[in-house]
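Student: Given the coordinates of chain G, assemble chain A onto it according to the supplied hints.
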Amino acid sequence: MCLGVPGQVVEVDELTALVDFWGVRRRVRLDLVDEPVAIGDYVLNHVGFAIRRIPPGDIEGTLALYEQLLKEAGPNDLMAADVRSEVAGVEGAGRAGRAGTT
Amino acid sequence: MTGNLEFRDPERAKALVERLARTTADVGRTVSIMHVCGSHEQAIAKFGLRASLPDDLNVIMGPGCPVCITDQPEIDEAVALAQDGVRIATYGDMVRVPGSAGSLADAQAAGARIDVVYSVAQAVEIARGTDEPIVFFGTGFETTAVATAAVVLAGMPPNLSVLSAHKFIPPVMEIVAEMPGTRVEGFLAAGHAATITGCGIFEAFAARQRVPVVVAGFEPLDILAALVRLVELVRDRQPAVVNMFPRCVTRDGNANALNQLWTVFRTTGGRWRGIAHVPNGNLRLRDVWASVDARRRFRIDTARLWQQAPSTLVRQCICGNIMAGIASPADCPLFGNPCVPDAPVGACMVSSEGTCRIWHEYGGVPRLGGLACPM
Chain G
779 MCLGVPGQVV
789 EVDELTALVD
799 FWGVRRRVRL
809 DLVDEPVAIG
819 DYVLNHVGFA
829 IRRIPPGDIE
839 GTLALYEQLL
849 KEAGPNDLMA
859 ADVRSEVAGV
869 EGAGRAGRAG
879 TT
Chain A
-11 MTGNLEFRDP
-1 ERAKALVERL
9 ARTTADVGRT
19 VSIMHVCGSH
29 EQAIAKFGLR
39 ASLPDDLNVI
49 MGPGCPVCIT
59 DQPEIDEAVA
69 LAQDGVRIAT
79 YGDMVRVPGS
89 AGSLADAQAA
99 GARIDVVYSV
109 AQAVEIARGT
119 DEPIVFFGTG
129 FETTAVATAA
139 VVLAGMPPNL
149 SVLSAHKFIP
159 PVMEIVAEMP
169 GTRVEGFLAA
179 GHAATITGCG
189 IFEAFAARQR
199 VPVVVAGFEP
209 LDILAALVRL
219 VELVRDRQPA
229 VVNMFPRCVT
239 RDGNANALNQ
249 LWTVFRTTGG
259 RWRGIAHVPN
269 GNLRLRDVWA
279 SVDARRRFRI
289 DTARLWQQAP
299 STLVRQCICG
309 NIMAGIASPA
319 DCPLFGNPCV
329 PDAPVGACMV
339 SSEGTCRIWH
349 EYGGVPRLGG
359 LACPM
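Those sequence lines, one after another, are chains G and A. All you need for this note's numbering is the position in the first sequence, starting with 1, plus 778. Residue numbers are given in this note's numbering: position 14 of the second sequence equals residue 2, and the series is strictly consecutive.
What the hints contain is simulated information worked out from the structure, not anything from laboratory work. Here a beta-carbon is modelled for each residue, glycine too, at the ideal position from N, C-alpha and C. There's no promise every hint is true.
Pairwise CB distance ranges (calculated) [claimed, not checked]:
1) G:834 x A:198: 32 to 42 Å
2) A:-1 x G:843: 11 to 21 Å
3) G:838 x A:292: 52 to 62 Å
4) A:2 x G:834: 30 to 40 Å
Derived, one-sided and incomplete: chain G residues facing chain A with beta-carbon distance under 8 Å [stated by the list, open to error]:
5) 827
6) 836
7) 840
8) 857
One chain only, chain G, in its complex shape:
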């Protein structure tokens, strides 16, 4: 719940952006981010909201860190499961499918 994930903005409308997370594209709300966001920018996303525009100089390092984490993760890796859940925009993705919806 407290780990954000980075993604690249591919489309912006007034209140939301379409963000690409390693090929998964999702609408993200822009209510909380504190600077203007444009196509091509990278944002840190948390529970469906962009919380920070990642400074250009930090993009490469940030992406590498997450890619390393996902690449090395075993099936029961909780941190990777939290990241995948954020990427997919689905609560509990990778958490063994517990607690479904009605």
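Tutor: For chain A alone, coordinates are given in the frame of chain G:
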């Protein structure tokens, strides 16, 4: 997967581990450091960091799992609403956390409607698609509270309301720092929460408690480097706030998000699991938002849930002491048998950010690095 330090830069890791040992030895006594973030515990357990810590350095997880610290009174409110036929939307792990008389999952099994959402924005979508009343049971720290605030400010569908169990981290750090039996001499603060709040939020705390705070990222090397800095500050008796995650964290944080947070919420005292009463630790909707506050819109009768006595197992659960940092999962008679992720007795075994769940997932009981458990 665990036990070995699988760093991208083993040389740097080795140097940091050696420096940490030297610095801790300089202090000349056992030093206890607390972190307040499930993601930090995940990284510490996953990379077996405790095995590389000096014996006289304790790194304890405090009340950093939002699911775990949500206490029974708030879960009871959600369960009572669900039992009364109100449809509840909430984050997934909350569904399985036990209240006084069962969890939301139990209510669901008995016919209540529970929707698991990844984002409060999904609760808005659900509400738009129906006329029935929906309550978003909002849990988590500042990082999720700002999302709830944004949705309230943006204007919600008239059938949606918020049952806020959101928590504010800085006040609980004061409580834990003053708790007898813990003697925490430094805090590791979570990077992404501080992305919102800024590291400046810890300055008054550090000055008042004479305890240093270091904001750290989530890579094992980030954590090691932050621990070195923290023990240096302890050694030098400098209650400073140091930002070691400048890539994501500034001093003032995200002003836009904070503005929305405090426009919608006010702090009030309340119970956290295991920590008892935390002054200013709960985030509640301000009076001007009464029209979307589930506590104002519904009569929530939780008293009927208290008549059921907790089971013997629940009474043996020491989640509270684990949350407070005065016990570890290894001290719990239920850990691993019968309390496991598929059949959790306590909240710490439910969430992927819970101490027990993390320890269980990464091989049972990691070497403790001298973790003292006075209880």
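Student: All hints, please: hold or fail.
Tutor: Hints and how they fare:
In this structure the hint that residue 834 of chain G and residue 198 of chain A lie 32 to 42 Å apart at CB holds, the actual value being about 39 Å. Here the CB-CB span from residue -1 of chain A to residue 843 of chain G is close to 19 Å, well matched to the stated 11 to 21 Å. For residue 838 of chain G and residue 292 of chain A, the hinted distance range of 52 to 62 Å is satisfied, since their beta carbons lie about 57 Å from each other. Between residue 2 of chain A and residue 834 of chain G the beta carbons are some 32 Å apart, a value that agrees with the proposed interval 30 to 40 Å.
Against a cut-off of 8 Å between C-beta atoms, the interface hint on residue 827 of chain G holds, since the closest Cβ of chain A lies about 5 Å away. Residue-level restraint check for residue 836 of chain G holds (minimum Cβ-Cβ distance to chain A is 5 Å; threshold 8 Å). Restraint check, residue 840 of chain G versus chain A: the minimum CB separation of about 7 Å is within 8 Å; hint holds. A cut of 8 Å between beta carbons decides the hint on residue 857 of chain G: the least distance to chain A is about 4 Å, and the hint holds.
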